[in-house]
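Q: Residues 6 to 78 (the working numbering) are what the sequence shown spells out, left to right.
Incorrect hints may have been included.
[Claimed, not checked] Each computed DSS-like pair below joins lysine-lysine, with the alpha-carbon atoms no more than 27 angstroms apart:
1) K27 - K11
2) K15 - K57
3) K27 - K15
4) K55 - K27
Because the hints were derived from the structure by calculation, they are not lab data.
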Amino acid sequence: MSDIQKEIEKERQLAREICNIKGATSSECAAAWDAVEELQAEASHQRQMKQKTSFEKYCDDNPDAAECRIYDE
């Protein structure tokens with residue numbers, strides 16, 4: 006499991022505990038679930054990020070290579 010998924014699970018458990026103690030309609034409960042939602046949004050964003058191709062990785066490591074040069078017109 007990735008680090009962000011572990012963090013989401015920790016925050017989810019904490020939110021459940023807070024809501025059990027403070028009540029489901031408390032501001033603390035709402036804030037705890039907001040933290041869970043923020044982490045879930047970040048996880049979604051990370052999944053949507055485009056993965057670099059081998060060529061792009063090569064050019065990142067070797068920006069002066071002839072095949073990696075970009076010419077402005």
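Q: Going through the earlier hints one by one, which of them does the structure break, listed in rising order?
A: 2 and 4
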